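Residue numbers (UniProt numbering), protein chains in the order written: chain A, 1 to 364; chain B, 1 to 274; chain C, 1 to 285.
Derived by calculation from the structure, the hints in this document are not laboratory data.
Do not rely on the hints blindly, as some may be mistaken.
[Unchecked claim] Pairs of lysine-lysine residues, derived as DSSO-like cross-links and limited to a Cα-Cα distance of at most 30 Å, are as follows: (1) Lys-320(A) <-> Lys-58(B); (2) Lys-279(A) <-> Lys-58(A); (3) Lys-253(A) <-> Lys-3(B).
Fair warning: this is a prediction, and the values are worked out from it, not measured in the lab.
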Amino acid sequence: MSSITRRTFTQGALAGSGLAMGGLMAPGMIRPAVAADRLMVVQWGAQWIDVSKQLLTKYQQTSDTQVAWELHSGGAAAVVAKIKATWPNTQYNVLSVWDPVFRSLMAEDWLVPVDENIVTNLKTIPDQFIQKNAAGQKMTIPLSTAGAFWGYREDLLPGGFESIEDLLKPEFKGKLCVPYPINLTGLFIVSCAIQRGGDEKNAEPGWEFVKELAKAGQIGEICTSNSEYINAMATGQYSVGFWNNGGWFATAKNFPVKIMNRMPDNKGFLYNEGFCVLKGAPEKAAFEFANFFADPANNEIYNMNLGSGPTQPTAKTNPKLDGWYYAPDELGKHAYFADFAYLGKVMNEWNARWEKEIVPLVRG
Amino acid sequence: MTKRLADALFGSVYYLFLASFIGFSAIPVVVAIVLSFDARSFIGPFPPTAFSLQWYEKFLADDYYYQGLATSLLVSAIATVASTVLGALAALGLDRAGFRGRKVLQAILLSPLVVPNVVLGFGILMFASRLGIIDGMPRLIMGHVLITFPYVMRTTAASLVGIRSSYYEAALSLGARPWKALLQITLPLARTGIVAGAIFAFVTSFDDVGISLFLSDAFTFTLPVAILAQMRANLDLTIAALSVIFILATILIIVLLDRLAGLDAAVGRGVYGR
Amino acid sequence: MKRPGLTASMLWPALIVILPLLFGPLLVLLHESLKPHIAGRVGGDATSALTLENYALLAGPEYAQYFLDTFRIGLISTVLALMLGYPMAHFIVRRASPIMRRILIASLIGTLFLSLIVRIYAISMTFGSLGPLAGFSRLLGIAPTSPSVAELMVVLGLLNTTMPLVALTLIGTIQNINPRLEDAALSLGAPHWKTFVQITLAMSVPGILSAGIIGYAFCISNLVVPMLVGRGFVLFVSNLIYFRFSEVANFPSGAALSIVMMVISLGIFYGLLHLVRTQWQEAGK
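Working from the sequences, and respecting the hints, build out all of it.
Okay, here's the thing in structure tokens:
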């Protein structure tokens with residue numbers, strides 16, 4: 001449906017409902033949803049949008065593509081619900097999301113396979129970072145390697161802890177800050193499951209561990225966004241947490257932080273963030289834009305302030321992130337790549353279970 | 001003696017409650033003002049150790065809020081005008097109506113007050129999409145008219161309770177035309193309720209999050225949605241600077257309203273007004 | 001001497017606009033709530049047969065507890081708002097000088113203009129663990145590390161919003177009480193407190209209840225306050241609905257929860273309203 005016919009329709013619908021606002025729908029009030037060279041890109045706020053705007057300025061020196069940004073207003077999955085409600089009429093063209101959301105977008109068949117003739121920079125990005133559809137086509141343009149880890153504020157907890165089993169001790173009462181299970185797509189529960197010999201598909205031991213933590217009153221706050229986590233950790237009320245590299249990186253700017261990603265009995269989670277292009281987008285403009293961000297030099301700039309690692313092997317990592325990620329030979333021992341396709345399927349059930357079993361225990 | 005003691009006790013409780021009211025309302029505002037000048041880059045213990053204008057600079061440099069503000073003002077103005085006209089008319093109509101089911105109709109029209117905004121917001125999003133309306137502005141207006149309408153209807157109806165319909169009947173018996181009697185007798189008497197309703201409507205619309213969160217789109221988002229998105233993306237003290245600017249704007253609006261309409265009009269003087 | 005034509009022409013605009021805007025979305029939600037949800041997919045499945053399963057999954061004491069918490073915390077906040085709002089309204093009507101009256105009314109309306117998010121944020125900075133009034137919870141016998149602090153913050157947040165709303169509504173009520181009744185009682189030697197309780201307060205009961213009902217409706221449907229200061233475990237039904245719609249994309253379950261919440265809220269609202277109307281019919285005039 002073109003924007004002209006839709007506008008006429010909207011006018012008709014409003015006039016028909018007696019709202020008689022035809023006059024208000026004058027040209028300019030409703031902007032065209034998709035212009036030929038205009039892209040609507042959804043990005044995270046804070047450091048993400050800052051660096052993206054910076055790179056865009058550079059991009060627009062050689063391209064006349066117009067870009068409008070929208071910020072994720074919750075978990076990245078929230079945008080999925082918004083798209084669903086209006087699909088196939090979506091205003092979004094390029095989404096900046098992470099692995100689990102890539103999976104659910106692909107499950108809905110909303111993405112365009114990457115045109116490798118345009119996104120030439122995809123060649124140098126390691127193949128295992130790229131999500132593929134059932135036909136084996138490459139669907140995503142990974143820009144960052146990111147992770148979710150346990151960690152603590154060294155100034156508040158000089159001795160640290162050896163294993164997350166220690167967190168059941170009385171001195172950690174009310175000191176833990178953890179994600180709502182749907183944030184980080186359940187990785188917190190998976191981590192607890194690994195601790196007790198399980199994994200995402202055998203999560204029961206994890207739930208038992210979370211229940212023990214909740215019952216003992218160890219969980220002080222349950223966060224649903226990065227900013228909540230960053231601020232909670234800044235209050236000094238909580239010393240220990242489980243969160244993504246973005247939250248830890250922001251905390252580490254103001255406080256000494258120790259990332260616990262090499263515990264003998266647990267793992268650190270790794271995943272990718274990046275761009276994907278939705279069906280209905282001006283594909284050439286969208287892929288050219290994405291290709292610019294995937295360029296090794298730009299990829300380095302992009303990741304420098306996000307607390308994440310670049311996906312281009314030649315790009316440098318922020319030196320402050322020393323030890324946050326793994327050397328290739330450490331991957332097998334310490335890193336865990338969760339099955340996000342599976343986690344996506346159980347998220348709804350886990351959310352209900354969290355509401356029914358964990359929240360009442362935390363409230364005490 | 002006991003009478004005086006009881007009265008003294010009563011007086012102190014009365015003023016204690018009064019003071020608590022003012023305290024609970026004012027202290028957070030003061031705290032926000034102080035923190036907006038905090039020189040630290042994170043949210044630390046109160047009071048700040050050093051002061052700067054960094055959050056104001058950051059706020060002024062970000063056009064995200066301006067876009068939200070422009071949308072909010074437009075949506076709230078349209079919604080207020082629409083629901084004031086519709087709500088006042090409906091209240092006047094219901095007041096005069098004699099048919100059975102009048103109470104039920106009134107209850108139905110007031111029900112958006114009770115249904116959680118989240119429910120209405122998501123419902124309208126899906127409803128609008130089935131109608132083919134996918135632009136933010138018409139969706140937002142649909143939602144905001146729906147949630148502000150009951151306020152006007154309710155306050156107008158409340159102000160009509162004190163007005164004897166005999167005034168209107170008297171005007172008619174003196175030969176006035178029904179429309180004229182309505183315009184010249186009933187409407188001025190109901191003015192208090194209508195003005196109060198319009199103010200509530202504007203404020204409710206301007207402040208709404210639950211509905212706008214769902215109905216905003218990429219190009220059209222309201223100020224509270226912009227604030228919430230920023231808060232959830234990166235909660236820094238820009239929002240405190242924004243609060244202070246909000247407070248200043250509010251004072252300006254209030255003074256203007258007072259000059260233009262007389263704020264007393266919003267609450268009225270009552271039947272026994274001095 | 002009613003003019004049905006005139007009455008109808010005043011009612012029709014509202015009916016034509018509001019009824020579709022109200023019932024359209026609710027019917028869509030009702031339909032959605034009957035669709036099965038396929039794990040990992042977005043929204044309901046349009047191809048399968050309709051089912052009541054989404055409602056069945058919500059049955060159980062755990063979810064009842066969320067409803068009870070919502071209604072309980074909402075009630076506490078509303079009662080506190082009435083307790084603090086009534087003296088304020090009374091002061092403005094009966095005791096304040098004209099200038100004071102203007103200032104207070106302006107401030108009350110002013111606080112309503114101040115964004116809710118901004119106010120909640122200010123409250124969390126004030127009473128939060130780093131705020132100047134962090135000790136307030138101790139005053140009430142709640143340890144700062146106790147989970148109840150989150151509940152206190154939610155109450156304070158709701159109170160801060162409901163208080164001015166309630167006070168403004170009550171001004172109208174108190175203004176319509178004849179001051180001569182109070183003067184008469186006082187001149188006959190009745191103590192101030194007795195006059196206040198037996199005349200002013202007693203005559204305001206319908207107004208108090210109606211302000212309370214509006215405040216209560218506002219509190220129990222709130223999303224933002226628990227979202228921002230509930231620490232992730234003081235959750236209202238609105239929050240559960242929001243999670244379903246926007247985070248797990250289980251629209252059918254969110255719609256089912258919406259329908260249940262709506263039915264209960266409407267029941268409470270109109271039940272109370274009916275009670276007020278029948279019990280205090282005379283006083284309400």
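Cross-check of the supplied hints:
no.	hint	in the structure
1	Lys-320(A) <-> Lys-58(B)	holds, 25 Å
2	Lys-279(A) <-> Lys-58(A)	holds, 26 Å
3	Lys-253(A) <-> Lys-3(B)	violated, 64 Å
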